[in-house]
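Chains as they are written, first to last, in numbering that gives the first Met the number 0: chain S, 0 to 421; chain Y, 0 to 421; chain W, 0 to 421; chain D, 0 to 421.
Hints are computed from structural coordinates only; laboratory data are not their basis. The reader is advised that the hints may include incorrect statements.
Which copy? The list can't say, so a pair holds if one copy fits it or any two copies do.
[As the list claims (entries may be wrong)] Listed below are the simulated PhoX-like cross-link pairs for lysine-lysine, each with C-alpha atoms no more than 25 Å apart in a straight line:
hint : residue 1 : residue 2
1    : Lys123    : Lys86
2    : Lys219    : Lys123
3    : Lys152    : Lys100
4    : Lys100    : Lys123
5    : Lys86     : Lys100
6    : Lys123    : Lys152
No experiment lies behind these values; they were computed from the predicted model shown.
There are 4 protein chains.
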Amino acid sequence: MRIFEEMESEVRGYVRSFPTIFDTAHGSEMFDEQGKRYLDFFAGAGTLNYGHNNPLITDALIAHLQRGGIVHGLDKATVTKRAFLTKLRDTILAPRNLHYKVQFTGPTGTNAVETAMKLARLVKRRSNIISFTNGYHGLTLGSLAVTGNYDYKDETYGSRSNTAFMPYDGFLGPDVDTIDYMRRFLEDGSSGVDLPAAVILETVQGEGGINVASVEWLKKLESLCREFDILMIVDDIQVGNGRTGTFFSFERAGIFPDMVTLSKSIGGGLPMALLLMRSELDQWQPGEHTGTFRGNNLAFVAATEALAYWESDDLSQAVLRNGELIQKELQRIADKYPELDARVRGLGMVWGIELPQSGVAGAASAECFERGLLVETAGDRDQVLKLLPSLLIEEELLREGLGIIDDALGVLVEKRHKAIGG
Amino acid sequence: MRIFEEMESEVRGYVRSFPTIFDTAHGSEMFDEQGKRYLDFFAGAGTLNYGHNNPLITDALIAHLQRGGIVHGLDKATVTKRAFLTKLRDTILAPRNLHYKVQFTGPTGTNAVETAMKLARLVKRRSNIISFTNGYHGLTLGSLAVTGNYDYKDETYGSRSNTAFMPYDGFLGPDVDTIDYMRRFLEDGSSGVDLPAAVILETVQGEGGINVASVEWLKKLESLCREFDILMIVDDIQVGNGRTGTFFSFERAGIFPDMVTLSKSIGGGLPMALLLMRSELDQWQPGEHTGTFRGNNLAFVAATEALAYWESDDLSQAVLRNGELIQKELQRIADKYPELDARVRGLGMVWGIELPQSGVAGAASAECFERGLLVETAGDRDQVLKLLPSLLIEEELLREGLGIIDDALGVLVEKRHKAIGG
Amino acid sequence: MRIFEEMESEVRGYVRSFPTIFDTAHGSEMFDEQGKRYLDFFAGAGTLNYGHNNPLITDALIAHLQRGGIVHGLDKATVTKRAFLTKLRDTILAPRNLHYKVQFTGPTGTNAVETAMKLARLVKRRSNIISFTNGYHGLTLGSLAVTGNYDYKDETYGSRSNTAFMPYDGFLGPDVDTIDYMRRFLEDGSSGVDLPAAVILETVQGEGGINVASVEWLKKLESLCREFDILMIVDDIQVGNGRTGTFFSFERAGIFPDMVTLSKSIGGGLPMALLLMRSELDQWQPGEHTGTFRGNNLAFVAATEALAYWESDDLSQAVLRNGELIQKELQRIADKYPELDARVRGLGMVWGIELPQSGVAGAASAECFERGLLVETAGDRDQVLKLLPSLLIEEELLREGLGIIDDALGVLVEKRHKAIGG
Amino acid sequence: MRIFEEMESEVRGYVRSFPTIFDTAHGSEMFDEQGKRYLDFFAGAGTLNYGHNNPLITDALIAHLQRGGIVHGLDKATVTKRAFLTKLRDTILAPRNLHYKVQFTGPTGTNAVETAMKLARLVKRRSNIISFTNGYHGLTLGSLAVTGNYDYKDETYGSRSNTAFMPYDGFLGPDVDTIDYMRRFLEDGSSGVDLPAAVILETVQGEGGINVASVEWLKKLESLCREFDILMIVDDIQVGNGRTGTFFSFERAGIFPDMVTLSKSIGGGLPMALLLMRSELDQWQPGEHTGTFRGNNLAFVAATEALAYWESDDLSQAVLRNGELIQKELQRIADKYPELDARVRGLGMVWGIELPQSGVAGAASAECFERGLLVETAGDRDQVLKLLPSLLIEEELLREGLGIIDDALGVLVEKRHKAIGG
């Protein structure tokens, strides 16, 4: 690992949680250069919903490279891009009766978020955007302003301007309807929360600690936006692409956002990001927002393959089935170690087990890694163990990983007993 | 093209300049789906310095995919990343006696720029950053604040804050030393230009219209930065990676920037971006700046192959040789059509022919496209025809492309004569 | 009135509510140039707590002018300023065991607010300041950012930055403890509400519609500030100077703000503004915040006379007595016209009668003016008739004015009956 | 002085330069409580152009107070305000063929500046405002953004946003036409200096060190503004009111600014501030910008008396005569002490003698104070002794004060000789 320490910035993160040198991977398994096998319950922070080196994708990439297909295309038209757009329309949008236009942004989530925010402001001629507590939308300056976590901020970066934070569903306790609060701020012209161009939200907050907005809350938020002429942007970068059991995470609520950001798994594991927008919002001038890697044609190839999984209902079914298994097992584990005060929450195949005592989740992640499982933490105090396995994971591997979590927590409980006993 | 019009946002740009559907490419040639061949003098806006589908790169990518190498790795350590870091150190940094640390940012140029700006502010505890007239650094909000072109801005995006623009070399005419101008602002504590954390600049402005800063100007700027304790960030996204004849564009000036941003061709055509920083500036906390696609291992594979071109001096020699040819030919063309008032400028293999009369450069680009040559415009009024061929272009193809430019301008002159004559 | 229309900006306001040309005044009575008498229940928006042309003040001003006393003194030491500081210390601060230092700011409320905000940020090295819904703190850009009312804002003025708005007491309904709401945002490091340097608040919101914060709420807010190391700034510009029955409005709550802004009546009717600060916060460099009219010595003379009213308890007693009378009478009037859904609220001698139906409060103000009473409206929809009589008003005049309000509302109710009846 | 140290903030400034307790004053003489006499060459930083306790003004104030005239009037119409508006129109505006509308702002200069900036942005729908090096416009956040001196700023106050600084006349040396530079930034749409709503400037910079813009520069700036549709705001707070020999400082250039801010001497020594605007710019909604002390009727009384001085040409003549005397004497003094490298500059009755060696100007001010003369320093390094005597000063007193300056510099030179000799 010496060269990483010598050459790479101190900012590196996951390499510290998972300190080995990985070499190959397939599906939900990774192998380091000593050949040690790891189960991957992190899936590239949600980028590998279709698994590592999915053979359908790999084969298509190799074929594309072998035939000399365009690799880098800026925003020029290519055969490959046409195939992707056609697949997106026919497999995803049309069956859901969605008529979004597509903007390819720079291939990172934060590019898509910044683009959505700029467009909302441009269209509505208002600078304010409402974000929600514990929301995570990226770390370039525009996205950072709507990201709640203070750890990412510094006074010198500039002001938190043009934004106001409202309480997410559940933030004020289970009995408080936070949409009612938000309504008060909007309906009172002297509230200090200026009428925003848009709200931006995740329907399930990943980085924020696996907070699931209820269907009712999402519906009420959509109504509120319509009532006050506010655009609704769903940031589906982490929990879109089937993560919650439907392609878009908002489908369960029957809502129709004005804009949707997609990245991570949309590119089948390769860098890609999209903004979907209602067609009447497409008020850009040609070239007004640009970027070099908007035409990563390898990602179009991979994405087209990945979208094929949505031609039938099979994947959705699998996600729901796996979700039930995860929930049942996590709840069993939580009940088994009552001294941890663990709480389980999630949806589809994004799950968290909150371990509220300081340092426990981090220690659990480390114990899992030792036992060959990659699982990360989330939440404002890193108090949540966050499960994001590949949607295609085999049941056997899923059970194996859950068993490791069980063991890891067991070890932690035992260690503590010993510490107290000693 | 119907699906692009139906599905893609109006923001699309290059597809309007080059309206055909491309399919395959190799080296400096692209082919549309009708099999029509185009010479590429745009090279993915500087991303394809090593050509389309460079066989060394393609073969390495296929081998990586075939052996199941990690594709998406976040910022985890991988065998592939180690190979890249080693190659970067041994081939690029060590021979130049540079001791930079490396930060992998999200794989777009604007991610690297935003990262550099955040770090400069964090380290120096000052928010101001000085940028230069006609500078282009990206379109997310942080980068946009240091990008000069007003076409990319809207009042509602937020203020142009924490930044001040100084005149680039030559901006105030050939006889004005703009560093002296800048010095006055820095040395007078009441100038209104607050002491900045950093300056950010391109040593050759691409998007700004092929403006080449002189060696003397760059040296004076570096001295000024040292004198006032200001960090110097060179944005080498477009003109690094050998474009000017040396790997870094600033080598010709013998300066040593505090930070360097790299993207475009660093990934061998695949999305990748880096920040290089003097090691004492690496004051990040772990995880303080993050992003999903920092570990695009396919790009590491491609990049490692691409860097091999720098093991000898051959590429540099070829760039200089080609540069002389381009300059000579462009000057010949300029002289041939005196009615166009054309001016030629550039360095290495980044050249511009300024056609100051309104609309001429755009018309020339269109005429070239019809004749099978891709060449774009730049400058604040799109008045510059900008040449960015692959560094590996064969001399024959280079001459062919220059011939097309000659023809295209000839046609324009003739058309005008007819219009006047008629 | 022609010259006002010809020469004065359209921005003029009160001249539209009270369209006559005033000439002289004493106590609570004003006279226009036709000699028509008006009762003044507005008292210069709270500047004339001691009445128009209070003879003690007038005599002292004349004596000062006659003896050639310094009138304009910048921030130089003068005999007059010393007398004011001594009186302020001995009559106001010492008896209340307050050890504030005094900063004379430019003589408008917004100067004092901007100064407080700058100092809070300077001392705490944090840029965020929390303000409250319906708060009003002034219209220069710093103060405007913490003023809720959107009517005063325009997108082009710049962002609402470095500020977050929290719900004032009662904003979310009578059963919601808004301090609990605020605590959640502060204790969650990912809430998006960054730890502020300070909170700024009025203990009774005047412009916001006569909203009275409860003693319990103010105490809880103070505790919250102490717990999170946040400075508490009480903006006592309108409701200080005895308006609520004690010299400072916060005395009823037994709290000790870190900073207090005073203006309006502190100068006995002449322009003056002060910032009081805990001495350990006085971290200014000499001259770091300045302004021309910080030494309005005529105002020091007037202020010294005005403070003499606080040598005994008599004024406080009078305010409470008058307050009871106002409350009783307003409630009687509200009950008399149930069709108006009027609600009465206030404290000391700042009272509001909310007339929630659109336009009623404005119409009532106009009817009062016709009957010789000056009374203004407040609230986010101008739905509150706001009573701010001189603290020294004679009971007879107070009853006369309340009688006019009764008549005015009676006429409005009758007009409506006729309109419906017709 | 104990109570000032005990009670007043450390921010106090002039009291440190002039450490005595002043009691009375008339004309250009001040007396401390020990009866010691001082000549005043500071004139309240330009507020006392008509002298301390000008008897015409004092008598009118006493008469107004004695007859019970309105003192505090908000923005209501009063007989007194009408008299002022009439006098302003008839004596100042009409004879100069100026058709400005008048906005009474809060009675400090910074209120007028903030108002002008808000209105410019509102009217032009652009947020950027161009200011000039060494400009001083006030310290509330809006004005601070266009004030050059960094000593007044702190990172935590917020960004320097919505503003760009251009070089004032002479800033880049005597041979550089800074308007040509500014034009380059405006005509190049990629310069990074966004088209501003307005420029704001002083025609003679006082606080900045007595920098006199040439007539030619001012005319070119006006033309540039017209060409690019930019509003021109002249901040005449310090050098208006006759200071330069004409009522408005810009009269010498024959230009017609779109807005003019007035404060300091406009109120005859009492707090008052105005914004004058071309009538077509008066696009305010009623009440959109407000403030408590916009109707300081005592100041209207004083101002009306003061404006009477402009009914004839006598005052202008006196200012020019005195100016010649000051210039001649200062130049003589400068020549007398060549070791000080002194440079003299100014206009009308605003003069500076630059003493470039570190600390000399401050020491000179202190020596003058000891000899009974009040004179302050200015400039980015406090290197300029700044003379702002009353416009009505008797020639004898003027010569006396200039003699003290001569003596003070002589003493400094002698002290240094001794120090070197010893």
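- Item | Enumerated hints in conflict with the structure, sorted upward | Those not satisfied come down to hint 1.
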